[in-house]
Amino acid sequence: MAETGNDLFDTIQAALGAEAHRHRGIDAPGRRDLAIAGGSYRAPGALVDGFRAGDGDAPIKGIVVAARASTAVLRRAQQLGANIVISREAFLGDSQDRPVGKPEPALAEKIAFIEKNAIAVLRLQDARIATEGVAITTAFSRAIGLARPKPGLNLADGLVYATAPTRVVDIVRRVKKALGTKTVRLVGDPQMAVRGVAVATESSRPNALAPLISRRDVNLLIAGEVHETETTAYVMDAIALGERKALLLVGSIAKEEPAARELSSWLKTITDKPVTYVPSNEGLIEVA
Amino acid sequence: MGPVTRRAALGGIAGSALLPATASVAKGQPLTAREVFAQIRRASGQYWNPNPTDDRIIYGERDAPVTGIATCFFSSLDVLRRARAAGLNYIIPHEASFYERYDDLAEFVLPDDDPVITGKKRFIDANRMVIQRMHGHAHSRPGDAITIGLLRQLGWDKYRVNDQNGRPIVKLPTASAMEIGRSIKERMGRRTLRMFGDPNRQISTISVSAGMPGENVQISQMTSDVDAVYLGEVREPEVLGYAQDLAASRPITVYLVGHTNEDPGMGVVAEWLKTVFPGLPVRWLPMVDPYTNPV
Chain A
1 MAETGNDLFD TIQAALGAEA HRHRGIDAPG RRDLAIAGGS YRAPGALVDG
51 FRAGDGDAPI KGIVVAARAS TAVLRRAQQL GANIVISREA FLGDSQDRPV
101 GKPEPALAEK IAFIEKNAIA VLRLQDARIA TEGVAITTAF SRAIGLARPK
151 PGLNLADGLV YATAPTRVVD IVRRVKKALG TKTVRLVGDP QMAVRGVAVA
201 TESSRPNALA PLISRRDVNL LIAGEVHETE TTAYVMDAIA LGERKALLLV
251 GSIAKEEPAA RELSSWLKTI TDKPVTYVPS NEGLIEVA
Chain B
1 MGPVTRRAAL GGIAGSALLP ATASVAKGQP LTAREVFAQI RRASGQYWNP
51 NPTDDRIIYG ERDAPVTGIA TCFFSSLDVL RRARAAGLNY IIPHEASFYE
101 RYDDLAEFVL PDDDPVITGK KRFIDANRMV IQRMHGHAHS RPGDAITIGL
151 LRQLGWDKYR VNDQNGRPIV KLPTASAMEI GRSIKERMGR RTLRMFGDPN
201 RQISTISVSA GMPGENVQIS QMTSDVDAVY LGEVREPEVL GYAQDLAASR
251 PITVYLVGHT NEDPGMGVVA EWLKTVFPGL PVRWLPMVDP YTNPV
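Respectively, the protein sequence lines represent chains A and B. All the letters of the first sequence, read from the start, carry residue numbers 1 to 288 under my numbering. All the letters of the second sequence, read from the start, carry residue numbers 1 to 295 under my numbering.
Hints were generated in silico from the structure; no laboratory data involved. Just to be clear, a hint being listed does not mean it is correct.
Derived lysine-lysine pairs resembling DSBU-like cross-links, with alpha carbons at most 35 angstroms apart [said to hold, decoys possible]:
hint: 1; chain 1: A; residue 1: Lys61; chain 2: A; residue 2: Lys177
hint: 2; chain 1: A; residue 1: Lys182; chain 2: A; residue 2: Lys273
hint: 3; chain 1: A; residue 1: Lys116; chain 2: A; residue 2: Lys273
hint: 4; chain 1: B; residue 1: Lys158; chain 2: B; residue 2: Lys274
hint: 5; chain 1: B; residue 1: Lys185; chain 2: B; residue 2: Lys158
hint: 6; chain 1: A; residue 1: Lys182; chain 2: A; residue 2: Lys268
hint: 7; chain 1: A; residue 1: Lys268; chain 2: A; residue 2: Lys61
hint: 8; chain 1: A; residue 1: Lys61; chain 2: A; residue 2: Lys150
hint: 9; chain 1: A; residue 1: Lys176; chain 2: A; residue 2: Lys150
hint: 10; chain 1: A; residue 1: Lys102; chain 2: A; residue 2: Lys177
hint: 11; chain 1: A; residue 1: Lys273; chain 2: A; residue 2: Lys177
hint: 12; chain 1: B; residue 1: Lys274; chain 2: B; residue 2: Lys121
hint: 13; chain 1: A; residue 1: Lys182; chain 2: B; residue 2: Lys274
hint: 14; chain 1: B; residue 1: Lys185; chain 2: A; residue 2: Lys176
hint: 15; chain 1: A; residue 1: Lys176; chain 2: B; residue 2: Lys274
hint: 16; chain 1: A; residue 1: Lys273; chain 2: A; residue 2: Lys176
hint: 17; chain 1: B; residue 1: Lys121; chain 2: A; residue 2: Lys102
hint: 18; chain 1: B; residue 1: Lys158; chain 2: B; residue 2: Lys171
hint: 19; chain 1: A; residue 1: Lys177; chain 2: B; residue 2: Lys274
hint: 20; chain 1: B; residue 1: Lys185; chain 2: B; residue 2: Lys274
hint: 21; chain 1: B; residue 1: Lys274; chain 2: A; residue 2: Lys150
hint: 22; chain 1: B; residue 1: Lys158; chain 2: A; residue 2: Lys182
hint: 23; chain 1: A; residue 1: Lys102; chain 2: B; residue 2: Lys274
hint: 24; chain 1: A; residue 1: Lys268; chain 2: A; residue 2: Lys177
From a predicted model like this one, the values you see are computed outputs, not experimental measurements.
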């Protein structure tokens, strides 16, 4: 039984398996990401799992799992007496949770809160290949009724599903219900029936998503977010050329809620310490 | 720089390496794409990198005769079709045309025979169109054409009170965050508009940035001096995430308007180009919000 945060991380890694193959910065999108990171962007693609704040060797008192370890989630963890917080998404202002030289005020407050309350934050988002790892990576898809991804895909690249003809608008309804979000963005005809759906497991790598939506067996790509001048533009033109394509953006933080829930349920089976799923509540509303 | 006649333009160009010294200058002959681009560079008064990444002729035949100029946010097929219908074949988009931010197809993840890329190229070829991107040089027009166009479209230019690292801060008549959101949605022609924060909160001071200046800039807009920030495209875990964390200690309103909010700025670029090419039709072809939020 895991006694410290690092013990827990070891146990999790053993069960979830190795990271799915990632282009570690040597492919074209990766090079581009790194080039951009040298400018004003903070978002190069890379493996991210590991303790990103606090002391992973501290004994576990309790565990909180969230889509994103927001300050509100950390406060809730402190109220619950939990000192390990697991975050699917980036939580320290950088996609890899690297130290920011001059943290802006709210980030500085967050770092101080983490230190004062001796919380350790474990980032856990990489697509992993063992059975439990696949279960977490596919949690969003299953939450909207997509059961079995096509075999042979690299989980880090995305998931592809064949479905009985389903209208896009019905998938939108399922997404809103599963994620509790109000603010999806759709490119394309909501009444179009789709037979092939791709789900992006990683959202914010420039131009890495075009290969998913360009597949002949995919009509709809679901992602948390995209680079609008790349993927959105591609789908607009594909539609203009008469292709049956659509793009549904569901929010990067909201999209991780099912995975956080799944991870929380599974952790309860491997530790006797209290485990609590805390919704991140992205907080977006549609202006209407 | 004022209006330029074809003769004056060619007079300036003929000695440069851009055109062979023997280029024919038959009166009444339309300008070529090469000549139009050269003239835009000269008239801009800006430095143009001889090894540009963004702002270059992206695609098309440089010797094609130019029948008219269309500016736009993104040279979508929809825009290209409208340009053809209007008899305009020299297209100036703000953003990339081939789904890769630098239109660097050698670095692209899609194969050369991708049907969308080839379909678009076929349309451009068949209509002898030329695409010349204008990104950085639109931003570096005096006052930033993109920012000017955005504030004008929002009707906020008269409320500009301050600048924050070159980005405007406006002080609007106090209203609820939702009311101001509705005004943004209407004026920007948005079919969707996402907002973070209490919709009933009374707000007035807003920091504005267009497009996607990056996480560092967008986070830095959320200072204690402003009630709200108006943003284009964001990386959500970083920027929306920062707003979530900030909201734990003080209220903040965030409008996520999308990258296409740079579109009106290309209208400002079109106005300038009309003065550079008085003999050519020049139009801004605005795009519609690509998104809907059904049900």
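Going through the hints against the structure:
| no. | hint | in the structure |
| --- | --- | --- |
| 1 | A/Lys61 with A/Lys177 | holds (33 angstroms) |
| 2 | A/Lys182 with A/Lys273 | holds (34 angstroms) |
| 3 | A/Lys116 with A/Lys273 | holds (22 angstroms) |
| 4 | B/Lys158 with B/Lys274 | holds (25 angstroms) |
| 5 | B/Lys185 with B/Lys158 | holds (19 angstroms) |
| 6 | A/Lys182 with A/Lys268 | holds (30 angstroms) |
| 7 | A/Lys268 with A/Lys61 | holds (14 angstroms) |
| 8 | A/Lys61 with A/Lys150 | violated (40 angstroms) |
| 9 | A/Lys176 with A/Lys150 | holds (24 angstroms) |
| 10 | A/Lys102 with A/Lys177 | violated (39 angstroms) |
| 11 | A/Lys273 with A/Lys177 | holds (30 angstroms) |
| 12 | B/Lys274 with B/Lys121 | holds (27 angstroms) |
| 13 | A/Lys182 with B/Lys274 | violated (43 angstroms) |
| 14 | B/Lys185 with A/Lys176 | holds (22 angstroms) |
| 15 | A/Lys176 with B/Lys274 | violated (47 angstroms) |
| 16 | A/Lys273 with A/Lys176 | holds (32 angstroms) |
| 17 | B/Lys121 with A/Lys102 | violated (46 angstroms) |
| 18 | B/Lys158 with B/Lys171 | holds (9 angstroms) |
| 19 | A/Lys177 with B/Lys274 | violated (50 angstroms) |
| 20 | B/Lys185 with B/Lys274 | holds (29 angstroms) |
| 21 | B/Lys274 with A/Lys150 | violated (54 angstroms) |
| 22 | B/Lys158 with A/Lys182 | holds (34 angstroms) |
| 23 | A/Lys102 with B/Lys274 | violated (45 angstroms) |
| 24 | A/Lys268 with A/Lys177 | holds (25 angstroms) |
Violation of the numbered hints given earlier is confined to hints 8, 10, 13, 15, 17, 19, 21, 23; the remaining hints are satisfied by the structure.
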